[in-house]
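Use the sequences and the hints to build the structure in full.
Residues per chain, in single letters:
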Amino acid sequence: MEFIDYYKILELDKKASDDDIKKAYRKLARKFHPDLNPNDPAAKLKFQQINEANQVLSDPEKRKKYDAHGKDWKHADEFERAGRQQSYQRPSGSGSQGNFSDPDFSDFFESMFGGAGGTRSGGSAKYRGQDFNAELHLDLKDVYETKKQTLTVNGKNIRLTIPAGVEDEQTIKIAGHGSPGVNGGPAGDLYITFIITNSTKFKREGSNLYTDVELDIYTAVLGGEIVIDTFDSKVKLSVKAETQNGTIVRLKGKGLPVYKKEGESGDLFVTYKIKIPTNLSDKEKELFRELSKIKDNGK
Amino acid sequence: MENNDLLPLEVLCTHYNVEVSFMTSLGEYGLIEVITVNEIRYLNKEQITDLEKLIRLHYELEINMEGIDAISHLLKRVNNLQNELNSLKNRLKLYE
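Protein chains in written order, with the working numbering: chain A, 1 to 299; chain B, 1 to 96.
Calculated from the structure, these hints are not laboratory results. Any given hint could turn out to be false.
Stated by the list, open to error - Cβ pair distances, simulated, as ranges: (1) K22/A / V37/B: 40 to 46 Å; (2) T200/A / I48/B: 36 to 42 Å; (3) N245/A / R77/B: 39 to 45 Å; (4) V235/A / N64/B: 57 to 63 Å; (5) E46/B / I158/A: 47 to 53 Å; (6) T200/A / N64/B: 49 to 55 Å; (7) K14/A / R77/B: 38 to 44 Å; (8) T247/A / E96/B: 19 to 25 Å; (9) D232/A / Q82/B: 29 to 35 Å.
To be verified - One side of the interface only, derived from the structure: several residues of chain B facing chain A at Cβ under 10 Å: (10) I48; (11) T49; (12) E52; (13) K53; (14) R56; (15) I63; (16) M65; (17) E66; (18) I71; (19) L74; (20) V78; (21) N79; (22) K89; (23) R91.
Keep in mind the model is a prediction, meaning the values are calculated, not measured. Backbone N, C-alpha and C fix where the C-beta goes; we use that ideal spot for every residue, glycine too.
Below you can see the structure in the form of structure tokens.
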């Protein structure tokens, strides 16, 4: 556990007045407030430090104790035992003040002030609870249909609906499922970021899917019917005669569902890759030569 | 006609302990959409999360209405850019 210089955090010197502390807190809180820095864990951590520093320095009693023991804060407990009887108590169970949960405060703070709720005076400002961030790893196959999943966040079960078509790295907010607020302030929110891996042969862009299909030279030249895999089934495709390599065919509505648009789906784009035959028999070679001659004579 | 999605502005002001003039200003700046039905002003409940953020910006950080307006625009831009970045990253995967 390291000594935390609250003055340094608020960019103040030890002689700072109450007004200086208030101004410094406001200035830094505006810079690092989670509402102004969405999805920024570094800013959130900094905001917690600023909050903690303000909790100590803006409270005359706490500031006095902090100033008195300063870097020798480790001896504060001895001082307390000798001089006073248990002035600072840890909060017991569910406090009516709705203080910050303990993880919001450093070990240093807790060792000096006995936990988040120790000596907080009533009537202090409302604070929004901490936001939680979580990642949910899914495969592309999992986002083809809307799913329900139960997550456990900080011991609480949250039943989550994962809408079909959710994007990789898309973040959704579940309001009010973060840390409880302080002094009646609103609870924080839970942010869930979806990390979607792709184990399928399809490539994805938004709700559209892309795939390559090998086409034998005879079907490409003469036309015909082939059966290809879509994301969830198979379809029969008519191939036009004289289909060129790299031809792209669009299968409407055979892509992924469009996020939060029920009944709408993207398209599947099939690129034909024409396969040149190998290991030809003498007869086949002969016939190709024949074809070549016919082509030359036709010019 | 009763609409469960609409919350009376007066009730919200009491709940969040904010002045009606603050809500009115938010409406004038286009930061919230106030709906008037039979001369009673309402807010759609879908806007509550945004409203709570605006209240925090004003009352916790002492940011005035012009500041909140500018911040809201910038946060929207950040959000749009983040979405664009995600979309471009996903497109890039097509060529990997």
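Output the numbers, in ascending order, of every earlier hint that fails for this structure. Hint check: 5, 16 and 17 fail, others pass.
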